[in-house]
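Trainee: Respectively, the protein sequence lines represent chains A and B. Numbers 1 to 666, taken from my numbering, label the letters of the first sequence in order. Numbers 1 to 666, taken from my numbering, label the letters of the second sequence in order.
Rather than coming from a laboratory, the hints here were simulated on the basis of the structure. Even glycine gets a Cβ: it sits at the ideal position worked out from N, Cα and C. Don't take every hint at face value.
[Stated by the list, open to error] Below are the EDC-like pairs computed for lysine to aspartate or glutamate, each with C-alpha atoms no more than 20 Å apart in a straight line:
#, chain 1, residue 1, chain 2, residue 2
1, B, K466, A, E607
2, B, K641, B, E614
3, B, K548, A, E66
4, A, K373, B, E607
5, B, K470, A, E607
[Said to hold, decoys possible] Take a look, some chain B residues computed to stay more than 10 Å from chain A by CB distance:
#, residue
6, W114
7, I303
8, T306
9, H317
10, G318
11, T326
12, T344
13, G500
2 protein chains.
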Amino acid sequence: MAVTREGETESSQFTPNTDPSNTKEFSQTLQSFAESEKVQLSVFSQTLQTPVASQRRHDWVLNVPEPPGLLSNLKTSFKKTLFCPLENKIQCLGKHPVPTLVSILNVIFPPLSWCKEYNVTKFKRDILAGLTLASLCIPQSIGYATLAKLDPQYGLYTSVIPPLIYAMMGSSRDIAIGPVAVVSLLLSSMIPKLEDPTTNPIAYRKLVLTVTFFAGAFQAAFGLLRLGFLVDFLSHAAIVGFMAGAACVIGLQQLKSLLGISNFTNKTDIISVLTSICKSMHTARKYKKLFWLAAMAPLLSVIMSTLLVFLTRADKHGVKIVKHITGGLNPSSLHELQFNSPHTAEAAKIGLIVALVALTEAIAVGRSFATMKGYRLDGNKEMLAMGVMNITGSLTSCYVATGSFSRTAVNFSAGCETAVSNIVMAITVLISLEFCTRLLYFTPVAILASIILSALPGLINISEAKYIWKVDKMDFLTCAAAFLGVLFVSVEIGLLLAVGISFAKIILNSIQPGTEKLGRLPGSDLFGDMEQYPIATTTPGALIVRVKSALLCFANANFIRGRILNLALEEQDEGVMDSANQDRVQLVILDMSNLLNIDTSSIAALEDLQNDLESNGMQLALANPRWHVIHKLRLANFLKKIEGRVFLTIGEAIEACLTSKNMLPI
Amino acid sequence: MAVTREGETESSQFTPNTDPSNTKEFSQTLQSFAESEKVQLSVFSQTLQTPVASQRRHDWVLNVPEPPGLLSNLKTSFKKTLFCPLENKIQCLGKHPVPTLVSILNVIFPPLSWCKEYNVTKFKRDILAGLTLASLCIPQSIGYATLAKLDPQYGLYTSVIPPLIYAMMGSSRDIAIGPVAVVSLLLSSMIPKLEDPTTNPIAYRKLVLTVTFFAGAFQAAFGLLRLGFLVDFLSHAAIVGFMAGAACVIGLQQLKSLLGISNFTNKTDIISVLTSICKSMHTARKYKKLFWLAAMAPLLSVIMSTLLVFLTRADKHGVKIVKHITGGLNPSSLHELQFNSPHTAEAAKIGLIVALVALTEAIAVGRSFATMKGYRLDGNKEMLAMGVMNITGSLTSCYVATGSFSRTAVNFSAGCETAVSNIVMAITVLISLEFCTRLLYFTPVAILASIILSALPGLINISEAKYIWKVDKMDFLTCAAAFLGVLFVSVEIGLLLAVGISFAKIILNSIQPGTEKLGRLPGSDLFGDMEQYPIATTTPGALIVRVKSALLCFANANFIRGRILNLALEEQDEGVMDSANQDRVQLVILDMSNLLNIDTSSIAALEDLQNDLESNGMQLALANPRWHVIHKLRLANFLKKIEGRVFLTIGEAIEACLTSKNMLPI
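The whole structure should be built from the sequences, with the hints applied where relevant.
Mentor: This is the structure in structure tokens:
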């Protein structure tokens with residue numbers, strides 16, 4: 001067995017991609033193998049090679065091809081970004097080298113890819129899921145419209161057109177489109193600064209529609225320009241914190257509505273009913289069979305409470321009711337969009353924020369369910385679909401729609417197969433808009449508040465926050481900042497804090513990176529961080545350091561220079577104390593294997609370091625420099641200054657510098 | 001020879017830091033050596049080890065000590081920052097474990113370290129250098145004060161007190177302290193927005209002094225808080241661009257003054273004289289003996305032109321002259337500082353910008369000469385010295401002083417030994433303030449403009465700009481942005497652009513990092529970037545990738561996941577085409593050796609990647625994860641999900657996964 005394994009690896013090492021029938025090449029391979037084996041057998045360590053082999057490896061390091069320049073890099077990245085979607089390169093290039101009409105249609109309308117396999121069984125499941133969805137969606141839509149300070153029917157409108165558009169263009173099969181709590185909160189917290197919804201509801205609504213248009217335009221633009229990565233700027237931790245904060249803010253707002261029903265006789269009962277609903281929502285996730293209860297409960301509550309108010313005429317005793325809801329199809333709102341008002345610039349800004357938050361929520365939801373079912377989402381296509389759906393929405397009296405956390409879960413649990421469930425839901429909502437709005441006249445406002453409240457616990461993910469705390473304390477900081485920012489300052493500040501902290505983390509990591517001492521792992525030619533591998537041992541006479549950063553640049557080069565110099569001087573002092581000048585550090589090896597790039601400031605710092613070390617009787621050697629690094633070091637003539645002290649591995653550096661006679665006598 | 005070398009390396013590999021007299025340890029070492037040798041000899045490649053050795057190495061990776069937590073990290077970094085200067089840790093800790101009065105004094109007053117060795121020879125040289133410096137300093141100071149829109153004497157005041165303070169507290173021995181062109185320009189471009197220097201010169205002066213106070217306070221604070229790294233935020237490239245831009249702006253301003261001398265008879269002569277002076281300045285750098293000419297020329301020009309104006313009374317024919325310069329010692333300006341004015345906040349902001357620019361110039365100058373002479377500068381101490389000197393300056397009618405590029409070069413060329421040359425210069429300026437200001441009455445303003453002009457070419461470093469272009473195109477972008485920003489917009493915008501681009505570069509590098517395919521370097525167990533090492537060969541059945549970033553985080557994790565997945569699918573497709581399913585990629589090895597940290601978002605992306613790969617018939621293996629990475633992967637339970645597929649090296653990953661029978665049948 002051992003022999004076979006050996007043989008296998010030998011050949012895989014030395015004859016990759018060669019055809020054994022090519023005898024000349026094969027014999028060469030054999031020869032090189034024999035040579036290497038001799039080397040391997042005659043010396044102990046891998047680094048101890050014949051001068052020829054060592055020289056050859058030296059050449060590998062020094063004679064690298066020129067890396068692509070800035071321009072060609074930019075061109076490649078531009079091409080990749082523009083002409084090839086991130087996540088389905090294969091689909092757009094591999095299989096269709098020349099785009100056909102079908103392939104283009106397939107790209108624009110992803111449902112075409114599954115519609116051939118669509119059958120009656122799947123359709124039945126989708127109808128079932130769509131109806132379930134509608135029963136949850138109708139009361140939620142009315143509630144969220146109220147949260148966004150719009151008339152109730154706008155929530156319902158938003159549950160008609162956007163789902164239909166998404167069903168045609170979107171690639172997710174599970175996501176449930178419509179108004180959501182966080183976006184409604186965002187709108188109602190930012191737009192009233194420009195127009196007051198109570199004194200001037202029509203101007204407010206026009207502004208909401210304009211913001212919706214801008215949000216859609218930004219989303220579509222992100223999709224077309226392939227800026228899918230923008231969504232990632234809100235990190236997972238930030239979303240967890242932001243959602244929880246938003247849920248708390250909405251909850252506090254809704255409690256006011258809920259407690260406004262002072263004269264309602266069964267007040268406590270309703271609360272307890274809703275607490276149980278809210279609990280059942282949670283348990284339903286665990287007991288899949290019970291999800292019906294959770295999904296239907298809001299509609300049942302609405303029907304029951306409306307009936308109760310109608311029968312007791314509690315509205316005459318102070319219970320606020322929804323009253324008139326305009327029925328009928330979505331009216332056109334083209335004339336309501338305002339591009340010349342003094343608020344247009346501000347509306348565009350709000351549109352951008354809302355666009356990003358809506359996309360983040362939708363893509364987070366979409367991705368998690370896609371991963372569960374094993375298909376892939378194209379972030380850019382999703383953005384385009386969301387954009388088109390919101391632009392269309394803004395023309396048909398809808399406000400910003402996106403994928404809802406709670407309803408998507410219900411859709412999934414109800415067994416949806418494709419986006420057809422969204423179509424079924426939209427049609428159901430449309431029918432209720434046409435025929436049932438009168439029935440909702442007596443619906444108490446408090447019940448809508450309760451329905452919103454019941455959806456909130458789903459936004460607060462304590463176990464995820466705990467997980468973040470356990471795994472990454474800095475991530476938790478982002479999460480906590482988003483949460484507290486939203487809760488105590490404002491939604492925008494919370495978002496800004498989260499994004500700011502996330503990027504500050506990246507920069508901080510680059511500004512003051514640590515350095516680590518490397519040691520040899522016993523019995524190998526591998527060198528590892530001495531703190532990570534306590535088993536690693538130092539090499540007398542040499543200090544091996546690595547920078548904990550991918551960039552040696554203006555912001556950290558002097559810091560690192562100081563660190564390495566101090567480390568070297570300390571080691572030298574210790575060496576002097578320990579043994580009589582024998583183990584004195586003569587060589588500082590900088591392992592550059594993780595340095596991806598350097599700049600002119602850092603080359604200057606390296607030169608200074610080399611001078612400083614030399615004046616203290618030490619030498620600098622570089623191990624394993626990467627492509628751009630070695631190229632720039634050559635251009636800057638630094639390679640000449642440390643000629644002969646650039647190596648492929650740390651082992652070779654030790655071998656060559658500590659045993660060679662060229663070493664300066666110190 | 002070969003045998004000795006072998007023996008040496010063996011012992012250095014296996015018995016580092018062990019005392020041979022300790023027989024037990026020694027025998028253990030021998031045993032482990034024998035074991036390893038057996039392994040080495042019995043198999044071909046280093047990775048092909050006995051199951052025991054392989055298991056042992058596996059344990060090294062998985063059983064790492066817990067890395068220090070966030071709090072202990074913060075504590076360490078806080079301690080290091082506060083209690084130990086960056087660049088002379090040895091001095092403050094190593095040699096004086098308990099601080100004595102002497103050691104404290106040594107830290108506060110660095111000159112104490114050289115004053116013992118100070119002797120008459122050195123003193124003579126310092127006097128010579130100081131006098132040379134004064135001859136250049138007096139006309140420059142008057143010129144820069146005019147540039148800063150202050151009365152001429154303020155320039156002279158600034159050349160008295162700050163150099164004296166610096167000589168006591170600073171650690172550089174070459175730097176020449178006083179007013180400089182760039183800072184004067186900065187003040188005169190920012191402060192007039194608050195107070196107009198022509199209509200209200202007293203209020204303007206008060207504001208300048210207040211700004212000076214704030215600048216000093218910020219500098220001292222940076223020094224005390226050990227924020228020395230702040231200076232690095234202006235990268236080398238940015239400074240080159242910024243200085244050149246500032247020189248052009250100043251030059252254009254001064255040309256106006258120069259061309260204002262329309263009635264002066266010898267106009268063209270003066271220009272030609274100054275052109276020659278300017279040329280001689282440059283050649284003087286090359287011909288060290290001639291630096292006298294350059295250093296003395298401005299003073300000589302002043303004397304000659306003053307005499308000429310006095311004799312011809314050209315001032316009556318329209319030649320603008322300096323007129324009255326208030327003589328005498330620096331007056332106190334304590335009462336001129338304004339901390340209650342409406343401009344105080346703005347003054348503090350300007351103070352901060354000026355403080356950073358002044359420090360950047362001083363430390364850049366100081367460092368380059370320290371490196372030349374082979375001593376070390378402590379950035380934090382320098383900051384403290386600059387801060388105290390500017391605070392004291394603001395109380396004694398000085399404006400912001402710092403280290404001057406041109407005068408430091410003259411000081412160095414004149415053979416200065418210590419900061420005593422600054423004292424000599426200060427005393428000389430003081431004497432001229434006391435006795436010679438009347439002599440400057442007839443000095444034409446044009447000659448001051450010319451002196452400023454003559455110092456400008458030294459700020460424009462075209463060869464350095466060329467070098468930056470050659471080595472690093474992105475750095476050149478920073479340089480060009482700083483230059484053009486200063487030239488065409490404003491000094492602050494130029495600075496902001498340079499700093500902004502520098503940091504944007506860092507962030508961009510982290511957001512969309514590339515991935516690289518690794519291949520085996522022939523005859524070794526090393527894997528390198530296949531583009532860098534065209535000699536590297538792929539391993540059939542495995543795709544080895546590395547992320548070109550030190551952080552796998554929210555901003556790039558999904559991008560990288562997509563990239564790796566696409567790469568794997570492409571390789572798989574090619575494999576299928578090439579040979580009948582034999583070389584089909586079954587294993588994707590992610591080399592994590594350069595990933596320093598991950599966050600929860602990236603762990604989620606890794607989980608998704610693992611799922612995506614599995615559903616395409618591939619497996620994910622990790623090689624060489626770093627300390628924090630493996631720790632977080634364990635906390636997140638990801639290690640359990642890819643149990644047995646985390647390895648120390650890529651070679652081991654290939655060995656274990658491609659030959660083991662545990663591999664999923666595909």
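Trainee: None of the hints should be skipped; say for each whether it holds.
Mentor: Now for the hints, and whether the structure bears them out:
1. K466(B) x E607(A): holds, 19 Å
2. K641(B) x E614(B): holds, 12 Å
3. K548(B) x E66(A): holds, 18 Å
4. K373(A) x E607(B): Measuring from Cα to Cα gives roughly 14 Å; hence the hint holds.
5. K470(B) x E607(A): Measuring from Cα to Cα gives roughly 17 Å; hence the hint holds.
6. W114: Nearest chain A Cβ is 17 Å from W114(B), so the label holds.
7. I303: Its Cβ never comes within 10 Å of chain A, the nearest being 40 Å, so this holds.
8. T306: At roughly 42 Å from the nearest Cβ of chain A, T306(B) sits farther out than 10 Å, so the non-interface label holds.
9. H317: holds, 51 Å
10. G318: holds, 48 Å
11. T326: At about 42 Å from chain A, T326(B) clears the 10 Å cut-off, so the statement holds.
12. T344: holds, 27 Å
13. G500: The claim stands: G500(B) keeps its Cβ more than 10 Å from every Cβ of chain A (closest is about 12 Å).
In summary, the structure agrees with every hint in the numbered list given earlier.
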